[in-house]
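A.B. asks: Sequence:
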Amino acid sequence: DVVALIIPGGNAPDKMRIQKNMVDLVKRASYQKKIIAAICHGGLMLVEADIVRGRKVTGYRAIATDLKNAGGQYLDKEVVVDGNLVTSRIPDDLPAFCRSTLELIETYNKK
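Counted the way our numbering counts, the sequence shown spans residues 1 to 111.
These are calculated hints, taken from the structure and not from any lab test.
Cβ atoms here follow ideal geometry from the backbone N, Cα and C, with glycine treated the same way.
Hints are not guaranteed to be accurate.
With beta-carbon atoms standing in for the labels, derived distance ranges [said to hold, decoys possible]:
#1 Lys68 with Lys110: 27 to 37 Å
#2 Tyr31 with Asp92: 26 to 36 Å
#3 Lys68 with Lys111: 30 to 40 Å
#4 Asp14 with Lys68: 10 to 20 Å
#5 Thr65 with Asn109: 13 to 23 Å
The calculated DSBU-like cross-link candidates involving lysine-lysine, where the alpha carbons are at most 30 Å apart (straight line), are [stated by the list, open to error]:
#6 Lys77 with Lys15
#7 Lys15 with Lys27
#8 Lys33 with Lys20
#9 Lys56 with Lys110
#10 Lys111 with Lys33
#11 Lys34 with Lys68
#12 Lys68 with Lys27
#13 Lys68 with Lys15
#14 Lys68 with Lys110
#15 Lys34 with Lys111
#16 Lys110 with Lys15
#17 Lys56 with Lys34
#18 Lys56 with Lys20
#19 Lys15 with Lys34
Generate the whole structure from the sequences, applying the supplied hints.
C.D. replies: Next up, the structure:
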């Protein structure tokens, strides 16, 4: 059983967001309350899957407007955890991103 979905940053999310099967995977994971972790430009997949509305999120500063326009509350922090959603801004935030993601996975596995 899949516990978490990790969405990378960089250029990959821009290519992934135009693939219906990839967007559907994120939507399904969100619906099933799986852990979703996105860093850097990975937030573009969250926007495309329409799962940021009403949630606290962060991401690369260049996509802050996209996250806000999709209904998210953008916070300029190294990591933001909102329920099953973990987001981070840049590669320098990886330690906090990984730590928070692993903590959620450990909690999920204890259920």
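A.B. asks: A separate judgement is required for each hint: does it hold in the structure or not?
C.D. replies: The hints, checked one at a time:
1. Lys68 with Lys110: 27 to 37 Å: For Lys68 and Lys110 the Cβ distance comes to about 34 Å; the hint holds.
2. Tyr31 with Asp92: 26 to 36 Å: At roughly 32 Å between Cβ atoms, Asp92 and Tyr31 fall inside 26 to 36 Å, so the hint holds.
3. Lys68 with Lys111: 30 to 40 Å: Taking Cβ atoms as reference, Lys68 and Lys111 lie about 32 Å apart, which means the hint holds.
4. Asp14 with Lys68: 10 to 20 Å: holds, 18 Å
5. Thr65 with Asn109: 13 to 23 Å: violated, 36 Å
6. Lys77 with Lys15: holds, 26 Å
7. Lys15 with Lys27: holds, 17 Å
8. Lys33 with Lys20: Roughly 20 Å separates the two Cα atoms, so the pair holds.
9. Lys56 with Lys110: holds, 25 Å
10. Lys111 with Lys33: holds, 13 Å
11. Lys34 with Lys68: The hint holds at about 23 Å.
12. Lys68 with Lys27: holds, 19 Å
13. Lys68 with Lys15: holds, 21 Å
14. Lys68 with Lys110: violated, 33 Å
15. Lys34 with Lys111: holds, 13 Å
16. Lys110 with Lys15: violated, 35 Å
17. Lys56 with Lys34: Since the Cα atoms of Lys56 and Lys34 sit roughly 17 Å apart, the hinted pair holds (cutoff 30 Å).
18. Lys56 with Lys20: Holds. Lys56 to Lys20 sits at ~25 Å (cutoff 30 Å).
19. Lys15 with Lys34: holds, 23 Å
The structure does not agree with the numbered hints 5, 14, 16 stated previously, though it agrees with the rest.
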